[in-house]
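Using the sequences and the accompanying hints, generate a full structural model.
Those sequence lines, one after another, are chains A and B.
Residue numbering for the first sequence follows my numbering, starting at 541 and increasing by one per position.
Residue numbering for the second sequence follows my numbering, starting at 541 and increasing by one per position.
Treat each hint with caution, since some may be false.
To be verified - Calculated lysine-lysine pairs in the BS3-like style (CA-CA distance at most 25 angstroms, straight line):
1. A:Lys-758 - B:Lys-568
2. A:Lys-568 - B:Lys-758
3. A:Lys-713 - B:Lys-812
4. A:Lys-758 - A:Lys-661
Because the hints were derived from the structure by calculation, they are not lab data.
All figures in this text were calculated on a predicted structure; none of them were measured in a lab.
2 protein chains.
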Amino acid sequence: MSLKKILIVSGTHGNEINPVWAVNQFSKQKNTIDKNIEYKYIIGNPLAFERGSRYIDNDLNRSFNATKCNRDNSIYEIKRANFLIEKFGFNGIDPCDIAIDLHTTTANMGTSIVMYGRRVKDFCLAALLQHKFGLPIYLHEKDLKQTGFLVEAWPCGLVIEIGSVAQNFYDPKIINRFLIIIGSLRDEINKLKNKQIKLPKDLVIYAHQGSIDYPREKNGNINALIHPERMNQDWRPIKKGDPLFVDMEGNTKPYTGEDTIWPVFIGEVAYKEKNIAMSFTKKELVSVSDYVCEEFFT
Amino acid sequence: MSLKKILIVSGTHGNEINPVWAVNQFSKQKNTIDKNIEYKYIIGNPLAFERGSRYIDNDLNRSFNATKCNRDNSIYEIKRANFLIEKFGFNGIDPCDIAIDLHTTTANMGTSIVMYGRRVKDFCLAALLQHKFGLPIYLHEKDLKQTGFLVEAWPCGLVIEIGSVAQNFYDPKIINRFLIIIGSLRDEINKLKNKQIKLPKDLVIYAHQGSIDYPREKNGNINALIHPERMNQDWRPIKKGDPLFVDMEGNTKPYTGEDTIWPVFIGEVAYKEKNIAMSFTKKELVSVSDYVCEEFFT
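Put into structure tokens, the structure is as follows:
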């Protein structure tokens, strides 16, 4: 196997602090050399991390397509995206094959995998982690308003998303979950290489269908909350008539779609500014090619 | 009974959004006139609320002594403190007798009362609420670094502090807790007036002793976390040797004081910038004068 370099990014959002701690702790503890796989570590948005804010000028995790056409260095995150690609990109100074971007959410989603689009290598990596941990996979696609994600700038990459945890709040439980994922990645790739495990042929994914905003007044103020029956119920299916929101007078606003959907990122704090109260997904079975995956990893 | 005007302040910290929702909902639902008690409502820091940040220039809830000597209107919160006193202060345009300031915390403190110093009228109001709900009372005093609290600018005033809830996260459970407190205040004062209740003679309080910071590196970075045994254990006593922090290598830093203490605001996110990992309190019994309280409220 040729040497694979895996870039582990934490603090892409500066107020998601548990991954930064976990990576720091991991890098101090795990100094064993593996001739097959090398980890590189970087804080995505160090200035935002220092300030405890999500970003300085723009969301860094929406700034990676901009680098193709926008070299506006007055925007901190564009400058930072350029730096990360020039340094660790596939054609960079210290090139990495895979990017793992570690995030937290205030939604009660547990540990999950987020992938962007249907790249075959991403499916292989997702299959590896789903095989080991049974994690749900959220496939983000078909959303023209949400583009420019970090991992898309690498040939293969995934987001690990863990919640619920408040922004800027250190939670040992969340830190441990990150440590388990980072720590096992290399082992799992090695097991695959040594034919000790076989990836599942079919992968269950939750494919993004769209997002809905909170009900709002004309002035933009939110005037209904996530319904208590929906709180903390990420990944649980809902059907027509199930409550979504409740207003100040106690009136319920139900889900009106015809199809059963699986909501995620329910009430995510950072998405209020993006006019997203929750996103809707549908369950889907995707076939993964053994051959391609073994080729890629081994 | 002379008319008592009670000022209900929410959003003194702009990212504590549940009280703002609760007050808005309450003011729409409870339009009954009470000849004895009138509620006034105001958002403490509307600009910070709009931006979802704790404050703009300074912490508004540390800006109320500054008004005595500092009229620097370039600082938004000083200007706002002046406005609130000029409008609703005891000698203001629309004078209020009592200020209730509604806050949330990311610490797992449940619903509690915070009072500043040992003003007799504050003890009466605290006794009223403790009698009804059995809420713990945190008495903040003897801390020269932390001064200028909003309620100190009124003849009588308390903070209602509810957690745990993340900043900028709407939680119906937390909103309901605020609604219960606001809704019952007027009823309880009326009951006291009609001699339907008698205040307890003794009040259990948790008196502030000091605060401790996270262990830090020389560059100021936090290098140990709240110990898992301490997480969510606000109000629970600890004694010498009990774990406080744990560093990246798994080393525990214990509490080294001789006296048993009761920690509060454990891991409060907003206090990291104030170099506070938790505050220590001691349990104390305070006598409340029936006579003075009845005089004040009736």
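Here is how each hint holds up against the structure:
no., hint, verdict
1, A:Lys-758 - B:Lys-568, "holds, 18 angstroms"
2, A:Lys-568 - B:Lys-758, "holds, 18 angstroms"
3, A:Lys-713 - B:Lys-812, "holds, 20 angstroms"
4, A:Lys-758 - A:Lys-661, "violated, 45 angstroms"
In summary, the structure is inconsistent with hint 4 from the numbered list given earlier, while agreeing with all the others.
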